[in-house]
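Mind docking these for me? Both chains are given alone in their own frames, and the hints should help you get the complex.
Those protein sequence lines, which keep their order, are chains A and B. At position 95 of the first sequence the residue is numbered 106 (our numbering), and the sequence of numbers has no breaks. At position 82 of the second sequence the residue is numbered 151 (our numbering), and the sequence of numbers has no breaks.
If you are wondering where the hints come from, they were derived from the structure by calculation, not from laboratory data. C-beta: ideal position from N, C-alpha, C; glycine also. Careful: at least some of the hints might be erroneous.
[Unchecked claim] Which residues of chain B face chain A? A partial, calculated answer using Cβ under 7 Å:
(1) W107
(2) S109
(3) M113
(4) T117
(5) S128
(6) I140
(7) A143
(8) L146
(9) A148
(10) I155
(11) L233
(12) F234
[To be verified] Anything over 12 Å on all C-beta distances counts as not near chain A; from chain B, calculated:
(13) F75
(14) V79
(15) A158
(16) A214
Residues per chain are reported as follows:
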Amino acid sequence: MSPVWTVVLVVGAVTILLKAAGPVFLGRRELPPRVLALVDVLAPAMLAALVVTQAVGGDEEIVLDERVAGVAVAGLAIVLRAPLLVVMVAAAASAAFLRLFL
Amino acid sequence: MQTSRFRDGVVAGLPLALAPLLFGAAFGVLAVDAGMGWASAVVMSATTFAGSAQFAAASILDTGGGALAAIVAALLLNARYAPLSIAVASIFPGSTRRRLLESQLIVDESWALAGRSGRFEYGILLGVGVLFWLLWVGGTALGTAVGDLFDPEAIGLDAAFPALFLALLVPYLRTRRAIAAALTAAAITIVLLPVAPAGLPIVAASLACLWGLRR
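If we strip away everything but chain B, and leave its shape as in the complex, we get (with noise of 0.2 Å):
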């Protein structure tokens, strides 16, 4: 069986678990802080299981960017998903269900932490991957439970996300295409923001993805 090189991932894991314990604590926070409740802050972490889009669509809802643009932006986000999972595809083993269930720990750290030796590897990613859900899911319940006792601005919390999404962004920014995407997403933004909708804005960006087609 894969057991060891299950506890492999979990240990592959253990260096970087301080980051889905505190992020989703913080996820947590600004859910409370949007109004999101509890409960429903806890099922979107166990569930969508994707820090950026989660945030994303926690802090549209917390600006008053209605439903529709939190739920575009955050599965623009969580796009990238399809492209991952499909590269991992032949080393999931069983069942259809078993293979659904196994294919909802893929996160961006346990993809990469498999595939570090060269060849993806099952055990690793099952690893960090369960490891991870369990401190994203516990830290977000934290969070929901400790976030009333803060007040968001007077600790800086609406400052940290755009760095959060700063920090987020800079390593994509490697190919021309995507620093002009990148750009022009933040025009589209920034032209939009006076005029249009609260949420509007970030969707009309996506289409700054546009620049992908170009050769």
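In isolation and in its complexed conformation, chain A is listed as follows (with noise of 0.2 Å):
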């Protein structure tokens, strides 16, 4: 199977074990307060991990572009209180702005 494939079709299949988790699965049991901690401070750990990986990762190197310039508009975007869409493209637009002007 391709690589591409696997992923789709693993990441499908436990996602969809995780949803039913609850309703089929456990019931009203809850989670070990342990597990529950550990998931809590996940998303936050993985999405800054994708925040750097995205905006400086290069193949075996930091890449400083304008990726870079692109995050911190939406930076100030997000401390503005833009909504995620306006966010994602003030970022992408001055990305390409300074592509195409500098």
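Shown next as structure tokens:
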């Protein structure tokens, strides 16, 4: 199987089981507090790692290019409480603008 | 029956309907750019139906991180669905098969809107869930169809994705442990990026969740 289909099928199957965890498998039982505590901070940890890899990641190197300016503009938009789509468009537009004129 | 609450759910989801449509399309564009092909992108939207995990998987594949890193990162992002689905477990009626099928409509938005009145409402969760699923899958198909028309770098798409992850991250930063975990994960990633093969930094960064065990 190609790597892409492996990802699609494994992630799909496990996510289906995760969403069914309560309604099908565990009912109203609760997860142990230590597991909940780990899950609680998993999302911020993974999202922070994704911000870094997507903003400055290269092929086994750190690349500082127009993406960094785009993310900085996005940060400003987030501080100004702009909606999610506006944040994304602002980042894309500023990176595209810099590429076009610099 | 719950028909009227289902309709209420669809109505409650409508003001937010642009988001799954446009994000679905954005995922389709990124997926094509990452070499996923339209069929795998649409199948992923239909089965995984969870935005941040799908974007994570596609962006890791796009940057050559490999299948294992894409799977680990996506599943760690979806781990939250275990506690979310346990919280709403009691509202799902009927047979095992029906509960398995309907529990797939649990997404952040349907979960949040269903619990708005203080107790979780089954009809609302289903209504919002069905609406979002249709728009998410349809948006993805649309995105894969037009994805080839753009040069992703010329329109700044590569800057839009870190921006998306940043915007998704900020609402989590309400507790010290979450902030510590995010900073640690970012630090691990920065240190490993120049020396480790693509994909490994993001997997290693998941160790930062050990901050959750700190009292």
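Hint-by-hint comparison with the structure:
no.: 1; hint: W107; in the structure: violated, 12 Å
no.: 2; hint: S109; in the structure: holds, 5 Å
no.: 3; hint: M113; in the structure: holds, 5 Å
no.: 4; hint: T117; in the structure: holds, 5 Å
no.: 5; hint: S128; in the structure: holds, 6 Å
no.: 6; hint: I140; in the structure: holds, 5 Å
no.: 7; hint: A143; in the structure: holds, 5 Å
no.: 8; hint: L146; in the structure: holds, 5 Å
no.: 9; hint: A148; in the structure: holds, 5 Å
no.: 10; hint: I155; in the structure: holds, 4 Å
no.: 11; hint: L233; in the structure: holds, 5 Å
no.: 12; hint: F234; in the structure: holds, 4 Å
no.: 13; hint: F75; in the structure: holds, 17 Å
no.: 14; hint: V79; in the structure: holds, 20 Å
no.: 15; hint: A158; in the structure: violated, 3 Å
no.: 16; hint: A214; in the structure: holds, 18 Å
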